[in-house]
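Engineer: Here is what each chain is made of, one letter per residue.
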Amino acid sequence: MTTLVRFTMPTRRMLRAALLSLVVSAPAWAADAKPPPPPSIADTAAMNFWWGDFAALERQNTLHRQPGSVQPDGGLQIEMFRTGLARVFQHKVKNVETYLAEIDALTLEWAQAHPKSALAHILHAEALYHHAWPYRGNGMAKDVTPEGWKGFEAYLQRATLYLRTHAEVALTDSHAHLFLLRMGRAMGWDKKQLFAILQDGLKRNPDDISLYFDVVLSLLPKWIGNVKDLDDFIRKATEETRSRYGMGMYARLYSHAAENQFSHALFEDSLADWDKMKQGYEDMFARYPDSPKRLNRYAYLACLAKDKPTFLKVYGQIGTNIDLPEWGVNPERSLEACRRWGTGV
Amino acid sequence: MTDSRLRALPKLVLAVAIAAAALLPAPLPAAPGASNLDAAMIAALETELARPLYLPREIQLDPELRTEAEAIALAHLVRFSKLLPVWLEEEKRVQAGFAESGPNQLYDAVFARLLNEFALWHLDTGDADYERATLAVLKEAPQVCRIAGDRAIYDYPHRIQRIQAMPAAQRKLALAAERELLARWGKPRAAPPPWPQPLPQDVAIPTVAGIHSGAARPLPLIPVLASNLLAKEGNYGTLSVEGRCALQQWWLRVSLAQGAAPAAALGAFRYGTLVTALDRIDTGGDKPDDERTAGDPAAPPPYPVLGRRFSVTGSTTVARRLDAAGKPVEAKVVGRDISVAGIRGARPLAFENVFDAVSVRYALQGGAASAGAPLPERFALNWSLEPPRPATARSTPGPAAKNSGGKRQ
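Sequence order for the protein chains is S and A. Residue 1 is where the first sequence starts when you use the working numbering, and the numbers rise one by one after that. Residue 1001 is where the second sequence starts when you use the working numbering, and the numbers rise one by one after that.
Hints should not be assumed to be uniformly reliable.
Heads up, simulated SDA-like pairs for lysine to any residue below, C-alpha to C-alpha not over 20 Å straight-line [unchecked claim]:
no., chain 1, residue 1, chain 2, residue 2
1, A, 1172, A, 1068
2, S, 94, A, 1068
3, S, 308, S, 236
4, S, 92, A, 1068
5, S, 293, S, 271
6, A, 1139, S, 108
7, S, 94, A, 1214
8, S, 228, S, 293
9, A, 1139, S, 105
Stretch-level coverage of chain S by chain A, calculated; a stretch enters the list once three of its residues show a Cβ under 8 Å from a Cβ in chain A [claimed, not checked]:
no., segment
10, 40-53
11, 198-206
Bear in mind the hints are in silico, worked out from the structure with no lab data behind them. Ideal Cβ placement from N, Cα and C applies to all residues, glycine included.
Model the full structure from these sequences, guided by the hints.
Structural biologist: This is the structure:
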């Protein structure tokens, strides 16, 4: 915007630069501006959804579902895409009901216009699923009001019914299976059902290891599982993915279990085996060495396992690249306690 | 231009003008005062011309499209920057008889003319194919309203983003149409259509409010609008430039679904997204005048800073709705007859809404007339500045005009 101060900056030299810049580079007033780094997959997905650009979302989904679509740290690109979508569904606003009602309507409009699109149906089912949660809230079940349960269950049922109606199309994309696993957890489905969904999802997309992570959540003692079920499942998942990740999934799935339930007591309260986890991290770094986040997590878990040599080695590799969220709950204290324990100062 | 006039310039302006002159590549003429200043003015105008035509690198464009679009813009800049000195000379002749005429008045008059070209260009229509393709993109491509890079520069980028969203086969034709539309700058052209009544946003916003209250939804809102207008209970004024564009795009789709003629829907969109002088020039919210008249409902509406700076005069017609007690509950500008120094032979489109906000505010304040009688439901406000005096009447330069405020008609 031009200001009221006259002849503020422009000079003929600037203009000549401006004219030239239209052909070769940025103009004089933008001379210092470097092009920003390209947005991440998650940012792009969130922005496409934020602007209601479903055609762009379809293109992204198709691209990131291709076999071998992984990031330098071994993370799935399709998982980042879904992370971006979740940001729009979980956008925090004052009048969440009116916001989510529009998302319901918008996704339904797109799905009705594109009945052969798996993603379109999944997005509408997801919209209904996310609409359910404000009724329940994120607190303890005992604190949910009867009206809250009613609204929660009504939306979950609508989501289930919708996906069942469009299952033939929707289930061609393992995103639908991931969605069903979450629905199953919310609605208390049993292990058998969850395993069946997992197997079908892996048949559709064998690369989609995010399904394993979701089943781990359901098998946590706080949901429908116990430590034995969890350990059996993690060992099985590790075997099924050994050719791609070695023991990597053992480490990652137990790390996920720690993050979502066991926390600092992982090795006391679960059947996690540190030697196997350590091997898992080594296998992951052999395949995907560029992962500062995972390095932080490895150090944190080595600390929990009281493996001082490993902790010191990995902590030294981290150097100044500390990634606090990887250090468990209360990460500042966690990190400081581990550092003191490891270095003795 | 004389040395005494040069001395009268504010110090900052003078310093910048001299600095600008010092950077000129060509040797300075022997009589430096006027030439230096002219050169500085032309340079400033050229930059104002170039800025909205720049395509930021953040905009994802196909390389071929970017190359062609930049070539079109460059050709336009080269052609049009030759016209600016001609306009400046023309303006000098026009202002020759006025004592208040000085470098700033001269510059502003030519700048106003330039700003008006941008506005006329925005409303201008291309050939039938171009219009059809533009409408199709606005219906189907939600992200053409997104702005990358400097958000104050979005005229040309928006147009090229729309072309990027067109089918490849359509792009060449659309670029040719863009070239043709730019070629109309500075030439007599068909009069733009009148302001839509009501403005698209004045219908769209109540429709969104209706959705909030449970009324039928004509079309779902995209998340950026649902969040800002429904969940955060914002209004048109709280939307960003891109948010406003998105709302206009939504309303275009609604209008078409409700049976509006395509040309009318597209024309309304163009008016809804028109970048006026108010959008381009930061006036600090017209604070001085607002403060002066705050709390005095009988005072005439303040003269907008922008209006005074650019010598905008004329009248606005306001229609308002009163409740049973005679209290105004809604007001809108339904007529504008505006003149601007420097703009001749064309509607001063870029300035026609300069008085809208103050007129509406005045109409909603109750409109206590000086004689105590309430204002009617429809009335006109006249906007005039102190008429310029003959050159001989002033010995020292100073502010060109005194605010006389809006007067009821």
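Engineer: Take the hints in turn and mark each one as holding or not.
Structural biologist: Comparing the hints with the structure gives:
1. For the given pair, residue 1172(A) sits about 9 Å from residue 1068(A) by alpha-carbon distance, which is consistent with the 20 Å threshold.
2. For the suggested pair residue 94(S) and residue 1068(A), the alpha carbons sit about 46 Å apart, so the restraint of at most 20 Å is broken.
3. Of the pairs offered as hints, the one joining residue 308(S) and residue 236(S) is violated, with about 29 Å between alpha carbons and a cut-off of 20 Å exceeded.
4. As the CA atoms of residue 92(S) and residue 1068(A) are separated by approximately 42 Å, the hinted pair breaks the 20 Å bound.
5. A hinted pair counts as satisfied when its Cα atoms are at most 20 Å apart, and residue 293(S) with residue 271(S) does not qualify at roughly 24 Å.
6. For the proposed pair residue 1139(A) and residue 108(S), the alpha carbon gap of about 18 Å is at most 20 Å, so the pair holds.
7. Using a Cα cut-off of 20 Å, the hinted pair residue 94(S) and residue 1214(A) holds, with the two alpha carbons roughly 17 Å apart.
8. Using a Cα cut-off of 20 Å, the hinted pair residue 228(S) and residue 293(S) is violated, with the two alpha carbons roughly 28 Å apart.
9. Between residue 1139(A) and residue 105(S) the CA atoms are separated by roughly 18 Å; this keeps the pair inside 20 Å, and the hint holds.
10. Counting residues of the segment 40-53 of chain S whose beta carbon lies closer than 8 Å to any beta carbon of chain A gives 7, which reaches the threshold of three, so the coverage claim holds.
11. Counting residues of the segment 198-206 of chain S whose beta carbon lies closer than 8 Å to any beta carbon of chain A gives 0, which falls short of the minimum of three for the stated coverage.
Going through the hint list in order, the structure does not satisfy hints 2, 3, 4, 5, 8 and 11.
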